[in-house]
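Just so you know, the protein sequences line up as chains H and X, in that order. Note that my numbering has the first sequence beginning at 1, numbered continuously upward. Note that my numbering has the second sequence beginning at 1, numbered continuously upward.
No wet-lab data here; the hints were simulated from the structure. As the structure is a prediction and not an experimental result, all values here were calculated from the model. A few of these clues could be false.
Said to hold, decoys possible - Derived PhoX-like pairs: lysine-lysine, alpha-carbon spacing no greater than 20 Å straight-line:
#	chain 1	residue 1	chain 2	residue 2
1	X	K63	H	K38
2	H	K226	X	K228
3	X	K63	X	K51
4	H	K230	X	K51
5	H	K38	X	K77
6	H	K230	X	K77
7	X	K118	H	K226
8	X	K28	H	K227
9	H	K236	H	K217
10	H	K236	X	K77
11	H	K186	H	K197
12	X	K28	H	K150
13	H	K217	H	K227
14	X	K118	H	K227
15	H	K217	X	K118
16	H	K38	H	K186
17	X	K51	H	K186
18	H	K236	H	K186
19	X	K51	H	K38
20	X	K63	X	K77
21	X	K224	H	K217
22	H	K227	H	K38
What the hints assert, rightly or not - According to the in silico footprint, chain H covers these stretches of chain X (three or more CB under 8 Å from chain H):
#	stretch
23	15 to 24
24	151 to 158
25	184 to 193
Unchecked claim - DEER-style ranges, computed between Cβ atoms:
#	chain 1	residue 1	chain 2	residue 2	range
26	H	Q259	X	V67	45 to 51 Å
27	H	A82	X	S23	46 to 52 Å
28	H	D27	X	E34	30 to 36 Å
29	X	E98	H	T45	44 to 50 Å
Ideal Cβ positions, reconstructed from N, Cα and C, are used throughout, including at glycine.
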Amino acid sequence: MARALWAGSLSFGLVNVPVQLFSAVRDLDLHFTQLHEKDGSPIETRRFCAEEDREVPYEEIAHGYDLEDEDRRLVLTDEDLASVAPRKTRTIDIHAFVDLADVDPIHFDHPYFLAPSGDSEGTRRAYQLLVEVMRSTDRAALGRFVMRTKEYLVAVRVRDDRLSLTTMLFADEIRDPGDVPAGGRKPSKAQLAGAVKLIEALSEPWNPDDYEDRYRKRLQDVVARKKSGKRIRAPKQEPQPSPVPDLMAALERSLQEAQGRGGNGKRASGDNADDDGDDLAGLSRDELYERAQQADVSGRSSMSKQQLIKALSR
Amino acid sequence: MARSLWNGTVTFGLVNVPVKLYSATESKTVHFHEVHAEDGARIEHRRFCAKEDREVPYEEVVKGYEVSDGEYVVLDKDEIAAASGQRTHVIAVEAFVEIGEIDPVFYDKAYFLGAGDKGEDGYRLLHDALERTGRAALGRFTFHNREYLAAIRPLDDVLALHTMRFADELVPGDDVEYEPPEQGPSGREVEMADKLLESLHEDFRPKRYHDEYREAVLDLIESKAAGKEIVAPKEEEPESAPDLLASLEASLGGGKRSGGAKRSGGGKRSGGGKRSGGRKAKS
Numbered sequence: 001m002a003r004a005l006w007a008g009s010l011s012f013g014l015v016n017v018p019v020q021l022f023s024a025v026r027d028l029d030l031h032f033t034q035l036h037e038k039d040g041s042p043i044e045t046r047r048f049c050a051e052e053d054r055e056v057p058y059e060e061i062a063h064g065y066d067l068e069d070e071d072r073r074l075v076l077t078d079e080d081l082a083s084v085a086p087r088k089t090r091t092i093d094i095h096a097f098v099d100l101a102d103v104d105p106i107h108f109d110h111p112y113f114l115a116p117s118g119d120s121e122g123t124r125r126a127y128q129l130l131v132e133v134m135r136s137t138d139r140a141a142l143g144r145f146v147m148r149t150k151e152y153l154v155a156v157r158v159r160d161d162r163l164s165l166t167t168m169l170f171a172d173e174i175r176d177p178g179d180v181p182a183g184g185r186k187p188s189k190a191q192l193a194g195a196v197k198l199i200e201a202l203s204e205p206w207n208p209d210d211y212e213d214r215y216r217k218r219l220q221d222v223v224a225r226k227k228s229g230k231r232i233r234a235p236k237q238e239p240q241p242s243p244v245p246d247l248m249a250a251l252e253r254s255l256q257e258a259q260g261r262g263g264n265g266k267r268a269s270g271d272n273a274d275d276d277g278d279d280l281a282g283l284s285r286d287e288l289y290e291r292a293q294q295a296d297v298s299g300r301s302s303m304s305k306q307q308l309i310k311a312l313s314r
Numbered sequence: 001m002a003r004s005l006w007n008g009t010v011t012f013g014l015v016n017v018p019v020k021l022y023s024a025t026e027s028k029t030v031h032f033h034e035v036h037a038e039d040g041a042r043i044e045h046r047r048f049c050a051k052e053d054r055e056v057p058y059e060e061v062v063k064g065y066e067v068s069d070g071e072y073v074v075l076d077k078d079e080i081a082a083a084s085g086q087r088t089h090v091i092a093v094e095a096f097v098e099i100g101e102i103d104p105v106f107y108d109k110a111y112f113l114g115a116g117d118k119g120e121d122g123y124r125l126l127h128d129a130l131e132r133t134g135r136a137a138l139g140r141f142t143f144h145n146r147e148y149l150a151a152i153r154p155l156d157d158v159l160a161l162h163t164m165r166f167a168d169e170l171v172p173g174d175d176v177e178y179e180p181p182e183q184g185p186s187g188r189e190v191e192m193a194d195k196l197l198e199s200l201h202e203d204f205r206p207k208r209y210h211d212e213y214r215e216a217v218l219d220l221i222e223s224k225a226a227g228k229e230i231v232a233p234k235e236e237e238p239e240s241a242p243d244l245l246a247s248l249e250a251s252l253g254g255g256k257r258s259g260g261a262k263r264s265g266g267g268k269r270s271g272g273g274k275r276s277g278g279r280k281a282k283s
C-alpha cells in the first residue's frame, strides 16, 4: 500500500479514532519531459532574479503579492506565512453530520481513504463503529483538518466499507450558474415524453469498468509506434453536426432506431463475444479503432470508418 | 458570465444540441509569485540544457516520453494531438445511467453546460428529460487535446458536466489495509454512537463555511501592507481518549450539560477564533 499522506485522529464529541490518510486516486496519465531537441538531454529550470540577471538559490526566494490599488509589491517571507498557517492539530475535527443526499457532488474536490492507524483492538473497533453507524444512516461527517500548511473542509463518508474523506470546495469557489444560458422554450408534453422514452431506451446500468481511458491507450500507442520508427499522422476531424430543425421528428426517428437495436444500447455489442464483421457497421469509429488496435491493423490511425470496417472484416 | 471554454454539440440518438462549456468552479486560494527576497524582483524560470549548461530558447524544447531509464521517445505537438480523437467538438452520448448509481468519487472537475446558438430548445428538452428520468448522460469529449469521459446531469436550471475518473484510476477500498476488530462494536456502542451522530446532525448549508486560512492570509497581507509586525503562534498537541464507550458517554453527557453539539458547533469557528486571537497578539 502507498505511503500515508497524513496521520492523526478523527475526532467527534470526545471520541478520537487514530487514522491515516491515503489518496483514493492514482495518476495513470502519461507524462512528458522537456528535452533539448539538439541533444535530447533533459531541460532544467533555473531560477533567475529578473533584475540582477543572476541565478538565485532557493533560500533567497520569497512570496510576492502585487497590491493592485497601490501599485506596489509586498514581499512575504516563509515566516510571515507561517504566522497564519493553521495550527497543526493532527485531528480531523468533525463538527456536524449531514444527510449525504443534501451534499451536491459539485462540492467535492479530492478523494482520500482513511485507514485505522495501528492495530490496537480499540482503534479498529472505533473505526468499525463509525463505518457501521454512518453507513446505516446515509450520513456524511463534515469537519476540518490541516494538511501541510492548508486547512481543508472535508466530508467523511463510507465507501467500499472504508471511511473515505473528500476535501471540499468552499461555497464561494463554486460559480453561480445564473448567467449560464439555460435554454429556450419549455418542451411540449409530447416532446418531453419522446425524450424520456429515448433516454430510457438508451439507458444502461452504470458499470465503470465499461469505460476505459481511450486517450491514454491511444497516446501509449502513438509512443509505441513512434519508438518503432513509424510515422504518425493526426486523424482528420469529422464535421460538427448541425442542430436539428425539428426536435420532435428527430426524437421519433431516434426512438425507432433505438428500439430497432433491441433497446439495449450499442455498448453491449462491445462485450458480445459472438460479434463478427456483420456488426461492425454499428460501431463507432472509436470502437472500430480499438478493435483495429487489438488486431494490429497497420495504418489504422489514418483510416476512415469505412476503411476500418473493411480492414477488420478481412 | 465568463467566456465559454469550449463550444460543441451534444448528440443522443439523432438529436443534436449545440452547447457551450463554462467552468463551474474557481480556486480562491491566494496565490503568490516567486520573488527575490533581497530586492523583491520577479523570479524568472529559465530553461537550461543539462548537458551543455546553457540557456535554451523555447523553440529548441521538445516533449519526450521516457520509455526506459534515460531513453526518451520525442513527440511533436501534432503527434500528441493524434491521440485526441476525431470528434473534438462533439459529446456523443453513449448511454444514460441512473444518477444515483454513480458514486461521486468518479466526478473529477465540474463545469456548467449552457445552450449554444440555435440549441436553446434542445437544451431545455434534454435538461427537463434528464430531470424527469433522474438520469445522467455519459459521453466522451475532447478538451484541450485530451479526451475525457463526461457525465452530464441537471443541476437546478442548468446542466452540469463532470469529467470522470476512470475505474482504474480509483484505488479500490481493498487496497486500504484494514483488519476488522476481533469483537465488533457492541449494541450499546452502536446505540450511543447513533445518538451522538443524531445530536450533531444538521442541514448542509455550504455558505456557512469559510476558508479561514484564505481569510487569514488576506489579513496578513493587509497587516504587512500597513507595516505591522508579524508574530508566529505556537503548536498544540492533541489528546487521545482510549476508552470508546466512556468517550461516547462523555460526549453525550457533555451534550446535556454544556452542549456536545454546541461544543463542536463552536469548533466551526474555533479555528478562525484561535487564529484571529493569534493575529491580535501580533498587532
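Hints the structure violates: just list their numbers, smallest first.
-> When the structure is compared with the hints, numbers 2, 4, 7, 8, 14, 15, 16, 17, 18, 21, 27 and 28 turn out to be violated.
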